Amino acid sequence: MTPTDLLSRARLRWEWVCGVALGIAVVGPGLAPGGLLSLDLVATPTIPVPSGIWGVGPDLPRRVPYGVVVAWLSHVIGGPLTIKLLVVVCIAAAFAGAANLLREEPIVTRAAAGLLYGVSPFTLTRVGVGHIGLLLGMAALPWALPWLLRPADQPARALRWATALGLAGFAGGVFALALLVVGLIADRGRRGVATAGIAVVSQLPWVVPALVVAATSGSVRPASGFATRVGGATGLLQLASGHGFWRASSQVGGVGIGTAILGLALVALAVVGARKLPHAWARRATIAAAVGFVVAAASGVPGLDTLYRSLTANGPGLVVRESQRALPLFLVWLAPAAALGGRQLARQATRLEAALYVATPAVIAGVLAVPGLWGVGGRLDPVQFPDGWSRARAAVTSHPGTVVALPWHEYLDIGFAGGRRVLNPLPDYLGGDVITSSDPELGGSDQERADPREARVQAVVADLHAGRPGSPELARLGVRWIALLHEVDWADYPGLAVDQGLVATVRTPSIDLYEVRDRSYGKPSNSPRRGWPAVPVLVADLVTIVAWAVVSGRCRATHRHVPSLSAVKRR
Amino acid sequence: MGRLVRIVMLGVVAVGLMLALTTSASSGKTLGQASGYGDDTIPPSQIETATPANSTGTSGSGGGHATLIFGLGLVVVVLGGAGAYAYSRTRP
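Chains as they are written, first to last, in this note's numbering: chain S, 1 to 571; chain Z, 1 to 92.
The following block holds chain Z by itself, in its conformation from the complex:
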């Protein structure tokens, strides 16, 4: 496997680790129903669709966080890849 591919893969994993660590679990917010085997929270998909109504023109929405996290992940990929490449060049 090409060296570049492997380094990119490590970077992608780093992004995944960051995103997984910063993604919160389901909200646990009660819908009002207090019985039954079914879900007792607002599914994440509904939360996402409900968000834009209050997020127009603001930068503090969930989407903003996702962009920030993704951007940080890209920085990790670039720096991590560059660091690994530079380290490998210093070795005989």
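Here chain S stands alone, though its shape is the one from the complex:
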């Protein structure tokens, strides 16, 4: 293939070329060698298979099922590179997907749609905090949208894309379910059983583990306090521009009247352009967008917030307890509609004005994205794990056993990560069975892991704080190791120094590793990593895989006859 051929192909696939370039521009310095640590973004040298995968805990099934692929890849190319590539691919797919929604329009309009969706403050914020499942869902959403909003027309394709969203876990699954419900209502129940079947089968890989964990664990106390930030007179407009993340310090971009004005401008453009969206899904996407926006705002709007909190405090509602996660349903409509709005206004204007109108959506997208480009404000700066960490991991690997991770915090500031607040990286870094705090310290003494041992270890931690030994109880729990990171309040465990039942195996400036001397009377009891729950999860995965394989064959067979849903006549 000659360079000319390559250039021609690149032109044909310009959305993907631009999308990859954007992804690289976002990750920026993060592409250099080194791990990633930023809130929920924990990219260690190798990433273990998430313990929630088979529904046996102790983690709730959050990274399920995509976490399995991530874990496998991390063993081939390393955890950090896996995550970095994943982020670039997600941004590229989101950009190309939004541009693809307007495939009949000029390049400028399509690029504006891609920018507004692919690098919105919402997307960049989620990159910075490492919500990979949500990013995967966002990447698939614009591709899936036309098919899921008309499930009765092409059930096989609907199942295919619903499954793709379901593979992103609950974050993508919520999008699939919302779109299918809108489609089903708009179809007035036509092929209702088939659509319900699509919804169920496609989401089995994350729903069944969640149900199993819910049924078998009584010790989980979910946290609250994830309300969308829509305070003030301009809060809802800022939400429209992609702001409102519950953790203000993690939000990409400044909060203020400027973003509110840009949010208002985008909504105005979208209202003008919505009429020109592809007829096959325009009205349905508008309804889904309204639903997404209302849900996203509900947890932060006075009056609605109390009701929303009560609905999402427990049970199935937990998957949308952080309601801003529904915002992509709105953004995936806003982006193409606003881009079309600029073009629509340009039709009635002079040449200069026309150029301004066409460029406005892309310029707004660029200005909103600027604070998040090149490393998301330093959140993606690569980190080098201290040498002591690898020594500790080598010791644990050579003599495997349950580890207790100290300091006893689920999230803590990590010095060598620029002082960023991070989900305790030890469980991912060490792999295997690691008992750690799952209290996010949001004021409720919560426990977010289904691990019955956590409460007992917490009592041991209190003893260690008070200068009393804790090894006898740890031995009874079957704990072999204590790993103490030299971060935050690590010096407040005087009990470790006086405990004769502990042997300091590794002592470094960054981490200490103690081995519990006498485990003869202990046994690894109450370990949540075993049992029958794996069986229904395996069956559920099998059902989804078989269904997906069957419909993929059908989709391929009919591909030449159905080039796009735009050609499908409305019934």
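Covered by chain Z, per the in silico footprint, the following chain S stretches (three or more residues, Cβ under 8 Å):
#1 247-259
#2 365-378
#3 401-411
#4 433-442
By construction, these hints were calculated from the structure, which means they are not laboratory data. All of these numbers come straight from a predicted model, not from anything done at the bench. Cβ atoms here follow ideal geometry from the backbone N, Cα and C, with glycine treated the same way.
Assemble chain Z onto chain S, guided by the hints.
The following block gives chain Z in isolation, referenced to the frame of chain S:
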């Protein structure tokens, strides 16, 4: 849509772009807490309420900047609108 409305809209967008570009992100100033999922910075609302205590009688406060930026935005609106209108009048 009326021509004037469209021009005003462009001006308002210009103001929004300026304000968005000049608004800094959250401060990143540590409150002292070093653990937990919750916010580790002073929320912008608290920063704003804390400012007036030191800004009495001065013009260098955050509010002063906001006024300046808003004023500049208004100038952009007026000049941009006038320029677009004048340009359109020169065309047949």
